[in-house]
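All chains, full assembly: derive it from the sequences and hints.
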Amino acid sequence: NAGVTQTPKFQVLKTGQSMTLQCAQDMNHEYMSWYRQDPGMGLRLIHYSVGAGITDQGEVPNGYNVSRSTTEDFPLRLLSAAPSQTSVYFCASSSPRSGNTIYFGEGSWLTVV
Amino acid sequence: GESVGLHLPTLSVQEGDNSIINCAYSNSASDYFIWYKQESGKGPQFIIDIRSNMDKRQGQRVTVLLNKTVKHLSLQIAATQPGDSAVYFCAENQEGTYKYIFGTGTRLKVLA
Chain E
2 NAGVTQTPKF
12 QVLKTGQSMT
22 LQCAQDMNHE
32 YMSWYRQDPG
42 MGLRLIHYSV
52 GAGITDQGEV
62 PNGYNVSRST
72 TEDFPLRLLS
82 AAPSQTSVYF
92 CASSSPRSGN
102 TIYFGEGSWL
112 TVV
Chain R
456 GESVGLHLPT
466 LSVQEGDNSI
476 INCAYSNSAS
486 DYFIWYKQES
496 GKGPQFIIDI
506 RSNMDKRQGQ
516 RVTVLLNKTV
526 KHLSLQIAAT
536 QPGDSAVYFC
546 AENQEGTYKY
556 IFGTGTRLKV
566 LA
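Going down the list, the protein sequences come from chains E and R. First residue of the first sequence? That's 2 in my numbering, and the numbers climb one at a time after it. First residue of the second sequence? That's 456 in my numbering, and the numbers climb one at a time after it.
Hints listed in this document are in silico derivations from the structure and should not be mistaken for laboratory results. Among these hints, one or two may not hold up.
What the hints assert, rightly or not - On the chain R side, residues computed to face chain E include the following (Cβ under 7 Å):
1) 471
2) 497
3) 498
4) 557
5) 561
To be verified - Simulated coverage check for chain R against chain E, where a stretch passes if three residues somewhere in it have a Cβ under 8 Å from a Cβ of chain E:
6) 473 to 481
7) 516 to 527
As the structure is a prediction and not an experimental result, all values here were calculated from the model. All C-beta atoms, glycine included, are put in the ideal place defined by N, C-alpha and C.
Dropping the structure here:
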């Protein structure tokens, strides 16, 4: 049981490049989400999904796209990377069937130069 | 990977002492609370949770206290060990909603 797995762990991008952060969970959780974590700030919600085929914007969605074609996978796409997107990104999953506790992946460190 | 945790309040405790980390939550309608531990370069790890129908919950070496009157949450760690060194933050949720609010965290340093 791997929990929440995200890749890559580290990535450096040039301004304007695009990339996808991958996220997969094996707990059959309905809810999946992406957060960014910046120094001195709490985790901020980028996008979330309450089930396959359903996504919605969080607190800081601009510059990011998501899709949820399966229950297990929830990739995050950076369309045209900007230095302001330099951050640590966490994928998370939860289920109301198990108390709605959020479980996080190990993080992806992204630097945009 | 040490970009998170800069400029956080720090609590320094001697190994073997008890630690108390505090959190003021923001939404009076929140009824579910979680404490997370985040070690350097890793994702947040669930420690313990509590629902609003309780004011205290105990785990292994950890206790969470909830004071709804003043919207305050605390995490007590007994007999603090070097492996407890990390950033600790709280999260609040309102049942029936997906959204969580996360605190900025407190860095716990355990002195040998």
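Now for the hints, and whether the structure bears them out:
A least Cβ separation of about 30 Å between residue 471/R and chain E goes past the 7 Å threshold, and the interface hint is therefore violated. A least Cβ separation of about 6 Å between residue 497/R and chain E falls short of the 7 Å threshold, and the interface hint therefore holds. About 4 Å separates the beta-carbon of residue 498/R from the nearest beta-carbon of chain E, less than 7 Å, and the hint is met. Checking residue 557/R against chain E by beta carbon gives a least distance of about 4 Å; that is within 7 Å, so the hint holds.
A least Cβ separation of about 12 Å between residue 561/R and chain E goes past the 7 Å threshold, and the interface hint is therefore violated. Counting residues of the region 473 to 481 of chain R whose beta carbon lies closer than 8 Å to any beta carbon of chain E gives 0, which falls short of the minimum of three for the stated coverage. Counting residues of the region 516 to 527 of chain R whose CB falls under 8 Å from any CB of chain E gives 0; the rule of at least 3 is not met.
Consistency note: the structure conflicts with the earlier hints numbered 1, 5, 6, 7.
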